[in-house]
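Trainee: In the order they appear, the protein sequences are chains D and E.
So the first sequence is residues 1 to 371, counted in full-length UniProt numbering.
So the second sequence is residues 1 to 127, counted in full-length UniProt numbering.
Please note that a few of the clues may not be correct.
[As the list claims (entries may be wrong)] Residues from chain D shown here face chain E by an in silico Cβ test under 8 Å; the list is partial:
(1) SER27
(2) ILE42
(3) HIS102
Think of the hints as simulated: they come from the structure by calculation, not from any bench.
Just so we're clear, the structure is a prediction, and the values are computed from it rather than from any experiment.
All C-beta atoms in this analysis are idealised placements derived from N, C-alpha and C, irrespective of residue type, glycine included.
One letter stands for each residue in the lines below.
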Amino acid sequence: MVDADRLKASWGLVAAHGEQVPLFFYSRLFLAHPEVRELFPIAMASQRDKLVRALGAVVSNVDNLDAVVPYLRRLGADHRKFGALREHYPAVGDALLATLAHFSGPAWTPEVAADWETAYGIVAQVMADAADEAAHVTPAWWDGTVVDHRRIGIDLAVLTVVPHTRLDYRPGHSITVSSPLRPRLWRAYSPANAPREDNSIELHVRLVDAGLVSTALVDLTRPGDVLRLGPPIDDNLVLRDNDRPVLMLAGGTGFAPMKALIEQLARRPRPTHLFWGAETTDALYDLPGLRHFEAGNDWFRFTGCVRAGYPEPGIQVGNPVEVALRYGHTVGVDAYVCGPPGMVSAARSGLVESGVDPACIYFDQYGDEEK
Amino acid sequence: MPTSESLALSPYERLGGAPTIAEAVERFYTRLLADPQVSGYFTHIELPTLKRHQAALLSQVLGGPKAYDGRELKDAHRGMGINRADYDKVCEHLLAVLSEMGAPQDIADSVSGVLKSVADDVVERDS
Chain D
1 MVDADRLKAS WGLVAAHGEQ VPLFFYSRLF LAHPEVRELF PIAMASQRDK
51 LVRALGAVVS NVDNLDAVVP YLRRLGADHR KFGALREHYP AVGDALLATL
101 AHFSGPAWTP EVAADWETAY GIVAQVMADA ADEAAHVTPA WWDGTVVDHR
151 RIGIDLAVLT VVPHTRLDYR PGHSITVSSP LRPRLWRAYS PANAPREDNS
201 IELHVRLVDA GLVSTALVDL TRPGDVLRLG PPIDDNLVLR DNDRPVLMLA
251 GGTGFAPMKA LIEQLARRPR PTHLFWGAET TDALYDLPGL RHFEAGNDWF
301 RFTGCVRAGY PEPGIQVGNP VEVALRYGHT VGVDAYVCGP PGMVSAARSG
351 LVESGVDPAC IYFDQYGDEE K
Chain E
1 MPTSESLALS PYERLGGAPT IAEAVERFYT RLLADPQVSG YFTHIELPTL
51 KRHQAALLSQ VLGGPKAYDG RELKDAHRGM GINRADYDKV CEHLLAVLSE
101 MGAPQDIADS VSGVLKSVAD DVVERDS
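Just need the whole structure built from these sequences, with the hints factored in.
Mentor: Structure representation (structure tokens):
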């Protein structure tokens, strides 16, 4: 049996070495098992801290592995798009244990080694099993044709993509996207629409500084291009089935999953208030659409939140968290939060302080970082 | 939203990329062939192929583009009867080359650590 405290302490010791850890891990992996290199992107920069983050997520839940099983199952099914197979898991485990041993130094006792081996064994088993099961029902990825590419401002594009075969997802889910211009690099986006008859998916893509995938999607992608789409991941923002009022806090393209949720809510309305923040009013790129929708649906309210500018009808100055706490009703709500990590953590602490049950705050735990 | 898409430089890039790797591999084999302790391992081997493999492997291990299409480390050395002292000696030569080419200490330390950690895949005899 794994000693959870011992494992966490061991991880703390290793994680303190920062970026040296993934560097060592991948060097070790690619030296001992060179063939595994093919599963990874050509440029490894964005890959390195993913390992540490995923491991951290598993380790922090090690006393309750059942809680991470759904996450691991999705991760395993999702990894099929990289070409990951059951036989690759021992190579990764081997490199992982060697890395942990290297950074643990004298703290690497047989007991600690056994804990890690057991924990990794469980993780690998769950992921590989989920991948095998998924192989019976869904493809490893979907090809989808870009049918519309609309540039908004200098750093945003709204893409409409039609998967060639049905891609089922729920509003609030994320799907990963890869461009043929950036092979094996994937980035997660939330569809900005509830599933449609024609299967088309709207993606809001913000240009990230030096971001390989986002530059390809915003600058270089044209209608007619074919992208790869991964299976849906992340249940965090999926609408909970109850009658509580909904409070939505969104920053930037964090608006996308909210838009999908609003479309879903429209079929069975309950009081909903969206606070959407951006630098300026112009950066609230769907303002006319939202105002039109608000005018026709009395259950829905929208407040734009801008950092720079003046208040005007429907627009407040401040970040969405502050504005919502000042003007919104937070009593008895279910809160859905999607935005940059700083906003998400501010939202959580602010909402809890104002009396929102922490269990009723749903957020995209990984921002919209690459997955 | 901000992401980790930023482009931190890999050791491969910091060392100077493909030209540095090619030069390092040249110097590495010059040293190996001049060292009687280990030169025997390399006399009956097709050197250009080995160099190409070595450059590719080194490149991918240092975070450069994928290029290596050879075998697993363990399979590639199976049955060669390599002993630990010789393995250490070869590693020493590689580290010496990196050092004489001005590799930063953190990269040298990392390479050294990784080489130690894969020793058991290569070494078949302890003496």
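Trainee: Using 8 Å as the Cβ threshold, decide whether D:HIS102 counts as touching chain E.
Mentor: 5 Å, holds
Trainee: Is the interface hint for D:ILE42 satisfied, with its Cβ closer than 8 Å to some Cβ of chain E?
Mentor: This hint holds: D:ILE42 lies near chain E, its Cβ roughly 5 Å from the closest one there, short of 8 Å.
Trainee: Quick one, is the D:SER27 hint okay against chain E at 8 Å, beta carbons?
Mentor: 4 Å, holds
Figure legend: structure checked against the earlier numbered hints; every hint is met.
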